[in-house]
Amino acid sequence: MLIEVHNLTKIYNEKRGLLPTSFEVEKGELTAIIGHNGAGKSTLLKMLAGWLLPDSGEVFVDGINLKNRMALVRKVGFVPETPNLFDFFSVEYNFKLFARLFQIPILRIEETLREFNLLPYRNNKIQVLSKGLKQRVSIGRSLLADPPVLLFDEPTSGLDFEMTKEIYKLLKNTHASGKTILFTSHRPEEIKTLATRVILLHQGNLVFDGAPREYFQSKIYEDLYA
Amino acid sequence: MIRNIIALTLNDLAIAFKNKTIYLILFIPLFVFLSLKLVDQKDATFQKIKIGLIQKEKYSPVIIKSIKAADKVFAISWLSDEEDGRRWLKEKKIDGILIGSEKKQRPLELLVLTKASFQTLAIVESFSALQIAAEGYRKNWISDIRPLQDSGIQKQTLPTWILMLALLVSFIIIPGQVAEEKEKKLLLGLLQTPMREFEWLLAKLFLGMILINLAVIFLHLLGKFEFGNSLSYVSFIEVGSFCFSSFGIFLGFLCRNQASARTLGVLVYLPLLLPSALSDFSQKLNAVAPLLPSYWFYEPIKAILLEGGRISNFSLEWVYLFLAGLLTYFLSYLLMKKRWLM
Chain W
84 MLIEVHNLTK IYNEKRGLLP TSFEVEKGEL TAIIGHNGAG KSTLLKMLAG
134 WLLPDSGEVF VDGINLKNRM ALVRKVGFVP ETPNLFDFFS VEYNFKLFAR
184 LFQIPILRIE ETLREFNLLP YRNNKIQVLS KGLKQRVSIG RSLLADPPVL
234 LFDEPTSGLD FEMTKEIYKL LKNTHASGKT ILFTSHRPEE IKTLATRVIL
284 LHQGNLVFDG APREYFQSKI YEDLYA
Chain H
17 MIRNIIALTL NDLAIAFKNK TIYLILFIPL FVFLSLKLVD QKDATFQKIK
67 IGLIQKEKYS PVIIKSIKAA DKVFAISWLS DEEDGRRWLK EKKIDGILIG
117 SEKKQRPLEL LVLTKASFQT LAIVESFSAL QIAAEGYRKN WISDIRPLQD
167 SGIQKQTLPT WILMLALLVS FIIIPGQVAE EKEKKLLLGL LQTPMREFEW
217 LLAKLFLGMI LINLAVIFLH LLGKFEFGNS LSYVSFIEVG SFCFSSFGIF
267 LGFLCRNQAS ARTLGVLVYL PLLLPSALSD FSQKLNAVAP LLPSYWFYEP
317 IKAILLEGGR ISNFSLEWVY LFLAGLLTYF LSYLLMKKRW LM
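Line by line, the protein sequences give chains W and H. Taking the working numbering, the leading residue of the first sequence gets 84, the next gets one more, and so forth. Taking the working numbering, the leading residue of the second sequence gets 17, the next gets one more, and so forth.
Worth flagging that the hints you see were computed from the coordinates, not collected in a lab. Heads up, a few of these hints could be off.
No farther apart than 25 Å at their CA atoms in a straight line, the calculated lysine to any residue pairs in the SDA-like style are these [unchecked claim]:
hint, chain 1, residue 1, chain 2, residue 2
1, W, K217, H, E254
2, W, K179, H, G168
3, W, K262, H, L204
4, W, K150, W, D170
5, W, K217, H, E196
6, W, K208, W, K262
7, H, K200, W, R157
8, W, K275, W, G261
Computed from a prediction, not measured in an experiment: that's the story for all the values here.
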């Protein structure tokens, strides 16, 4: 198993957060983590990314404990809902900073810029880019170190139809290159188009884990969404 | 229209309350009130002049008798020697020292902290009046005035400007930048790289130290001020910038956003700046100031720049600033490890 989650828990107050949750993810899966607002989707993803510290439980990615941040950062890339880029610097500068910290050759920056069609924007400041472009830069940056696992928090939130399609294409290509992807989503068409597996969270509990087709035919889908 | 303006004004007030700007409005007048209470005492105009006399010195009996008789104007402190007197003067326990002069007709020299001050003027005028009352003619007993801080008025203000710059960088700029990186999740982004927490903290610390050093160098170049005892001066600038930058980073970690960090920065900045900078003007402030780390930076800098002091005289202050900086650095490290308010 590439990702092993054992009793991962985070409680903000008595009602919100993630109750003890366990699951495993195999290499190459494209897993959609879904649920209503406050179900614990982003909390789960942020804990896997090391943004939040869990109250209890353990996570192993490729055998590396989540607590070993220095090793884990090379295994997991995270793309947050709102791109956290250095707005006042250029696209290239943002890539270079991360490349330096990861000690990645400069050549990799050129590759990534080309791969994500960002060459025309390389000298543009982040603050002048559209939300879709920012998201592309954010995804590109998270792939600089070539991590085997990628986490996306609402990757198409706030994007128009064209940009959403573009992000879908990016996700599919990234998945096709052998990456394991977990993403949170609200959109049924996104789950149908992209996911090979669905994990449904409800009020902090994992209530469904299976294939997308099973999910859309399940009673729990009818009860919660239909 | 009026309803809209009222709604928007209330909204703005709510934002000011939420980002803690309102605390400044409450805090600054309160702080000024307390400071003024310490500076402007009711009996300030009736304060006795505290004059130091050296035990071994042979003063004219007329002078001693006159000073003792004017016990409502003068309070005498007997000192073992001039060195002891200089120490008392620096600690502001006395306003001036009378030292025997070689000029026989006008037998006294007055040693004061600074020549151009209200205290020096008050001493000279009081002695002049005393002399006229005792001898009946206008010929001052004091032949010369020697200041302990032998420098121009511009240079005398330099330690205050340096303190102000160090605190400005440390408590206004640094906390804002730390909080901005937290608020925009830039720090969390950086923590997804193999960067260690202490490396990020050290980078911020160096930023603060570089900015303070640049500001001090720029100040010296513009004012054409000499550096005094360079080694002692530089070592205090470095330890001070280390201590306050580290403190500033810690403040930044206590805040969720830039607005809160700026407000908290000002709340810390003023109390650290004013009592130290104003300590020369009030005995009470002089008593309060040593409780603040800024005073442990300001006093040595002042002594090094104006009185030819050396680091060896202020080793305790240096160690204090270094340890305070280390402590706040460690606290910031703990907060960063806990992803505090990120």
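Which numbered hints fail: Of the numbered hints, 1, 2, 4 and 6 do not hold.
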